[in-house]
Amino acid sequence: MKLAIDIGSNTIKCLLGEFRGGKVETFYEKSLESRISGGNVLVGNAADLIIGALRCFLSDSSKLFPEFSVDAVATSALRDAANSSEICGKVFDATSIKIRILSGKEEAELSYRGAMSDPAVNGNLSNLFFDLGGGSMEVVCGENGRVVSSESFKIGAVRMTRKFLASGISNANLAEIKKFALGEFEKKLKIARIDSLVGAGGAVAAARIMKRSMNFTSPENILSLAEFKYMLDLLLNMQAKDVALKFGISQSRAEIVPAAFACVIGLLEFLGADSFVHTFRNLRYGLIMDDFRL
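Note that the sequence shown covers residues -2 to 291 in the working numbering.
None of these hints come from the bench; they were simulated from the model. For every residue, glycine included, the Cβ atom is placed at its ideal position computed from N, Cα and C. Where hints are given, some of them may not hold.
What the hints assert, rightly or not - Derived pair list, reagent style DSS-like, types lysine-lysine, alpha-carbon separation capped at 25 Å:
#1 Lys87 <-> Lys27
#2 Lys226 <-> Lys243
#3 Lys243 <-> Lys151
#4 Lys176 <-> Lys95
#5 Lys226 <-> Lys151
#6 Lys(-1) <-> Lys27
#7 Lys176 <-> Lys102
#8 Lys185 <-> Lys151
#9 Lys184 <-> Lys160
Stated by the list, open to error - Label pairs and their calculated CB-CB ranges:
#10 Asn80 <-> Met211: 14 to 24 Å
#11 Lys102 <-> Ala189: 10 to 20 Å
#12 Gly41 <-> Asp239: 25 to 35 Å
#13 Asp239 <-> Ser93: 37 to 47 Å
#14 Ser247 <-> Asn218: 17 to 27 Å
#15 Gly41 <-> Phe65: 27 to 37 Å
Taking the hints into account, I'd like the entire structure generated from these sequences.
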């Protein structure tokens, strides 16, 4: 039994589960919106936020199982911060949990493995998988469930919001986000063949939640370029608090979804793709599977 913990820029999440018979069995999961990243540095109370989240996860999990291992990893927020060692030290002193700071490549490949465990995803195809987080977007090309190549791009939802939308949302600055993302893809992303496109991440999940309340006819887990453009146009005329109220997402999530949607639109246009399959499975599922190599 393993408690997998993902310490991201915008949220700290956990999953308690085990990998048996080729499947991930889950018993508990929780997501706390903490937003520990303040750009290339962590917010002043980042250590306290992480410690509080970890204590919550440990307490809840111990009520279900007396024994389990803990694998706590951090992604771009700690990866990019100059004071990450200090923060990790404070967390260890308070919880006895050692945080592994993943490289972009490690994050991408573990997230891909997690996504391929979703029964709705055909891992036998040539898949391109992307995971849009608060600080970065990971993109993986895979074949028959195995990683062929991976890249990590510094175009996360929180990062792009801070960089381009500090003065508010407009068509012009959303276009700047898309232009920036396209430039990054053109520099590093080499694609040979794609049979299936799969996407994950909190802001992408928010798009799926928003879709439920709209009159789209496609399956809920299929998100299209046209749907993203429609939803982004809608967000242009709404305050974050109104988006949160209307669609049932948190206000902190609502604040970053416009930037996230612009990034997704940029990726789809770069790939010439009309739609993708959304999965809720990514890094945490990959961590549960990590002791068992495919």
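Hints and how they fare:
{"no.": "1", "hint": "Lys87 <-> Lys27", "verdict": "23 Å, holds"}
{"no.": "2", "hint": "Lys226 <-> Lys243", "verdict": "18 Å, holds"}
{"no.": "3", "hint": "Lys243 <-> Lys151", "verdict": "30 Å, violated"}
{"no.": "4", "hint": "Lys176 <-> Lys95", "verdict": "38 Å, violated"}
{"no.": "5", "hint": "Lys226 <-> Lys151", "verdict": "22 Å, holds"}
{"no.": "6", "hint": "Lys(-1) <-> Lys27", "verdict": "14 Å, holds"}
{"no.": "7", "hint": "Lys176 <-> Lys102", "verdict": "24 Å, holds"}
{"no.": "8", "hint": "Lys185 <-> Lys151", "verdict": "12 Å, holds"}
{"no.": "9", "hint": "Lys184 <-> Lys160", "verdict": "20 Å, holds"}
{"no.": "10", "hint": "Asn80 <-> Met211: 14 to 24 Å", "verdict": "42 Å, violated"}
{"no.": "11", "hint": "Lys102 <-> Ala189: 10 to 20 Å", "verdict": "19 Å, holds"}
{"no.": "12", "hint": "Gly41 <-> Asp239: 25 to 35 Å", "verdict": "30 Å, holds"}
{"no.": "13", "hint": "Asp239 <-> Ser93: 37 to 47 Å", "verdict": "43 Å, holds"}
{"no.": "14", "hint": "Ser247 <-> Asn218: 17 to 27 Å", "verdict": "21 Å, holds"}
{"no.": "15", "hint": "Gly41 <-> Phe65: 27 to 37 Å", "verdict": "32 Å, holds"}
Checked against the numbered hints given earlier, the structure breaks hints 3, 4, 10 and satisfies all the rest.
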